[in-house]
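Novice: Construct all of the structure, not just a fragment, from the sequences and the given hints.
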Amino acid sequence: MDKKIKPKSLLSPLVKQLTSRLPGRGLLLVGLGIVLVFICMAVFAPWISSYDPTKMVDKPFLPPSPEHLMGTNRIGQDVFSRIVWGSRIVLYVVFSATLLSMAIGIPLGLISGYRGGKIDRVLSMFMDSMYSFPALILAIAIAAVLGPSPMNTAIAIAFVYIPTYFRMIRGQTLSLKSQLFIDAAHALGIPDKRIMLKHILPNLAHTILVVFSLSVADAILTEAGLSFLGLSVTPPTPDWGYDLRVGQPFFLNGQWWLVFFPGLSVMLLAMGFALIGEALSERLSLAQSI
Amino acid sequence: MMSGYLLEIKDLVVKYYTLSGIVRAVDHVSLSIRPGEWLSVVGESGCGKSTMAYSIVRLISPPGRIVGGQILFNGRDLLSMKPKEFRKILGREIGVVFQDPMTSLDPLRRIGDQIAEVYMTHLGMKKKEALEKAGEVLERVGIPRDKINAYPHQMSGGQRQRVAIAIAVALKPKLLIADEPTTALDVIVQDTIMDLLESFKEEGTSILFITHDLALAAERSDRIAVMYAGKLVEEGLVEELVENPLHPYTQGLLRSVPDLWGPKKIESIPGYPPDLRSPPPGCRFNPRCRIADDTCRKQEPVLNCIGEHCVACHKTGELLKR
Amino acid sequence: MGKKGLGYYIVIRALMIIPTILILYTIVFILLRILPGNPILAVVGTRNIPPEQLKHLEHLAGLDKPLIIQYFDYLWNVLHGNFGVTLASPMGVPVINYIATRFPATLELAIWGFSFSVIIGLVTGLIAALKRGGKIDTGMRLYSIIAYTLFIPWFGMILQYVFGVVLGVLPTGGRIDPRINFHTITGLYVLDSILTGNIPALISSIKHLILPSLTLGIVLSGAYTRLVRNNMVDVLSMDFIRSYKARGIPGYKITWYALKNAFIPVITLMGLQFAILLGGAILTETTFSWPGMGTFIVDRIEYRDYNSIQGAIIFFAFFVAVISLIVDVIYALLDPRIKY
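Chains as they are written, first to last, in the numbering used here: chain A, 1 to 290; chain B, 1 to 322; chain C, 1 to 340.
Please note that the accuracy of each hint is not assured.
[Claimed, not checked] Footprint (simulated), chain B over chain C, 3 or more residues, beta carbon under 8 Å:
hint, segment
1, 92–101
2, 326–338
[Claimed, not checked] Straight-line Cα separation of at most 27 Å, DSS-like style, residue types lysine-lysine; simulated pairs:
hint, chain 1, residue 1, chain 2, residue 2
3, B, K264, B, K298
4, B, K128, C, K245
5, B, K88, C, K207
6, C, K245, B, K174
7, C, K260, B, K147
8, B, K88, C, K260
9, B, K126, C, K245
10, B, K126, B, K10
11, B, K147, B, K82
12, B, K133, C, K245
13, B, K127, C, K260
14, B, K172, B, K128
15, B, K147, B, K201
16, B, K10, B, K174
17, B, K298, B, K265
18, C, K245, B, K82
19, C, K253, B, K127
20, B, K298, B, K315
21, C, K245, B, K201
22, B, K133, B, K88
23, B, K133, B, K201
24, C, K131, B, K82
25, B, K264, B, K315
No lab work stands behind these hints: they were computed from the structure.
In this text the structure is predicted, and so the values were computed from the model without any measurement.
Positions of the beta carbon are idealized from the N, C-alpha and C atoms, including for glycine.
Specialist: See the structure below:
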């Protein structure tokens, strides 16, 4: 893989991934497929769901039927509609959180890795401490203090994943920094900021994609966890984790549909992103070894 | 030609099936070693010498595969043996020493245990006895017996290589395969290792010595075989080969060795070794050969022998005149 | 390589975790004290309460002192085992009391869960590594992804339903049958029942542990499968493995030696991932009504009892730091190349 002094576009690695014939493409496509299904679900929610998810539309505890594909819950809300509209909340929270994490973690990682010195040492110590602490507990603390709302949940989750991006970007920056083409850029008199933005960052694009997918998968589970503990949304907003909590007592009595579908959705959506991340990461290491 | 040979490699073909093409790493190579003989196989990186050596001991792993040929050890074909039977030979009658002493020993186990294990596995010895023997063979390779409890990382590169040799010769094998055993060591240590190997030759062990260093090979070998691009191009007794090299490649190699004792112009061989996924037609050396002609570019040369000296070149006749 | 050297090594390593603990403490402190809202008002709601009572409550919570003083005060207290007192329902109980009873519960669950995940991870990772490139390898990696994307409460509930309701062989909640007469010493019920020779307690506590630890263990094993597999594959491609083969050593022994070499980085990474374990433990506890620190924190959140929450989280921070210290020491003991 030869590295040119010319800056590369950020999008080309993504396109290359979809078209190159390396193994793992199957998993990648399955993952993408799942994710796209859920994104469509979220975007086209009003057209897909027949009922208002926040209103009582029928008798409670109705099992799945043609009128209610996934039955009704404790208050008589249509479970299917709650799943479909819930995807909006989940995707909104998770994407906001991840973008926020990236906006803070990536630049910090770049600067820290590139500049080194005191900034690097202080930041690394800080980030490593956070990284070693259980994500969920930290998120719980923040969410508990801020109060339940999708925005606050997003902030809590964002906070927790900053170290992940920081470490990954810093590590890659360090290894790139020692390569010859950076020295060449230096020798040509190109200013640091430009080097970071135009030369190092594009080479990190693939890594960023991998970390993005995997951390989104993780964030989905964290959001569901917070929601399950009652720290994410307030009723009657539909959220999968919360529905799981509400439905728990009835699950063991046989009304399985209250719990089964929300939990399954969490798992499938997380799995979709995880498959993408894993497939990409495998192809990344393969590409580097050829 | 049949009896009397310890190891006979007949028409060996090894291919690597990679994503970018099929690499013909060893292309119909035949070699033999007699008991107590030191044969060096010389060639550039990628010429197939290591692959050939590893084929003998079944260390070729996917995507590489031994596709054809026979390897006879004391008359028995190693390639068609059942794994269980083969494992009795490996380590016991054939020993292997690898290139990098820093990574070829298990870092988590004491060297004494690693040596003793060979006795315990093949001879069924008890640990105490095996450790005794381990101490003996350690001294034999020039390492004080009290180092038996040391870990590899506590020893230098040269010492580790001696340990590797000790493990390889512990059961007094008939054949010792050494793949560039001194390349990772400095010149002084290199010499002591070569001395050690020679001492085993004198006790009757055959040595198959793989190297890219023709001068080093010429120091101690009885015979030398030169490989290029997966093929055997010249073979013969060391004195004959060095005095009268017949193949242009061998001549080029000899010309590129610096001479301490007199002024000599060093010449390198122009060009690069070919891509073994699609080697040039005819003689594989022809793009880099000074005297290549049309026949060379169309037909692959066969190995012709004059006594012990064999060469694969269309131009042998002309070269013999020189 | 002596015993005295080991002592020094531990001390130096211990000193190195101090900055980590301080940073975590600072983060938690800032989060819970400086963020918007007066915790006391949050507890009592926004009713009008007499200023004297408000002041009294603030004093109880130590909120009337300047922030910096609070910072060091609390730190000093914590180092002496004083994690403050509860702010609500019941009020004024030393938090440490709760930690003392709740923490062993979480610890026991964590240990069992961790053990399951390690065993499953080792087995699946090993199989994947040995059969790498093939269908079994892909299958194991698929298992790994499915496992770690399982939503713990959901998976736990399914197990509860299958084993607790349908098959009726295992209990669905709690740590032990409340009808059994039982004395605790360490707080780890299995250990305690063995120590007191109480067989019914032993059986009951094990029965109660199985489902929650399996839930936690299976979900965690997902990450470990990948870890073990990748490390094993790396080790198997190392030169000394080739040397072993050339010595005629049988395959199963070579696998064992490779595993030992791969095990060291794996176990340290697993130990460091203990943090994830604790996160999962909280969800597991809530699902199985397990009386541990997780359910404690969740309960206290409902009461807005910030003192308890803060105390519990700070305690976790110490615990995580201590675990990383233990992992470091174990690593030094296992790898002969580390000098101490």
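Novice: For every hint, state whether the structure bears it out.
Specialist: Each hint tested on the structure:
Figure legend: the segment 92–101 of chain C, annotated as covered by chain B; annotation inconsistent (0 residues with Cβ-Cβ distances under 8 Å, at least 3 required). Figure legend: the segment 326–338 of chain C, annotated as covered by chain B; annotation consistent (3 residues with Cβ-Cβ distances under 8 Å, at least 3 required). With a C-alpha separation of about 35 Å, the suggested pair B:K264 and B:K298 falls outside the 27 Å cut-off, and the hint is violated. For the hint linking B:K128 to C:K245, the alpha-carbon distance of about 24 Å falls within 27 Å, and the restraint holds.
Annotation: proposed proximity of B:K88 to C:K207 is violated, straight-line Cα distance about 50 Å (limit 27 Å). Proximity of C:K245 to B:K174 is assessed by CA-CA distance (about 18 Å); at most 27 Å being required, the pair is judged to hold. A hinted pair counts as satisfied when its Cα atoms are at most 27 Å apart, and C:K260 with B:K147 qualifies at roughly 23 Å. Our distance criterion of 27 Å between C-alpha atoms is met by B:K88 and C:K260, whose separation comes to about 25 Å.
A threshold of 27 Å between alpha carbons decides the hint, and for B:K126 with C:K245 the separation of about 21 Å falls inside it, so the pair holds. A distance of roughly 39 Å separates the Cα atoms of B:K126 and B:K10; the hinted pair therefore is violated under the 27 Å criterion. With a C-alpha separation of about 37 Å, the suggested pair B:K147 and B:K82 falls outside the 27 Å cut-off, and the hint is violated. With a CA separation close to 21 Å, the supplied pair B:K133 and C:K245 stays within the 27 Å bound.
Straight-line distance between C-alpha atoms of B:K127 and C:K260 comes to about 21 Å, which keeps the hinted pair within the 27 Å bound. Simply put, B:K172 and B:K128 have alpha-carbon atoms about 20 Å apart, close enough for the 27 Å limit, and the pair holds. For a cut-off of 27 Å, the pair hint linking B:K147 to B:K201 stands: about 25 Å separates their Cα positions. Taking the CA atoms of B:K10 and B:K174, the gap is near 19 Å; set against the 27 Å cutoff, the hint holds.
In summary, the hint linking B:K298 to B:K265 is not supported, as the alpha carbons are separated by about 33 Å, beyond the 27 Å threshold. Taking the CA atoms of C:K245 and B:K82, the gap is near 15 Å; set against the 27 Å cutoff, the hint holds. For the given pair, C:K253 sits about 16 Å from B:K127 by alpha-carbon distance, which is consistent with the 27 Å threshold. Pair hint B:K298 plus B:K315 holds up; C-alpha atoms about 13 Å apart against a cutoff of 27 Å.
Proposed proximity of C:K245 and B:K201 is supported: the alpha carbons are some 24 Å apart, at most 27 Å. The suggested pairing of B:K133 with B:K88 holds, with an alpha-carbon distance near 19 Å, which does not exceed 27 Å. Under the criterion of a C-alpha separation no larger than 27 Å, the hint pairing B:K133 with B:K201 is consistent with the structure, at around 21 Å. Distance restraint check for C:K131 and B:K82: the Cα-Cα separation of roughly 21 Å lies within the 27 Å cut-off, and the hinted pair is therefore satisfied.
The straight-line distance between the Cα atoms of B:K264 and B:K315 is roughly 26 Å, inside the 27 Å bound, and the hint therefore holds.
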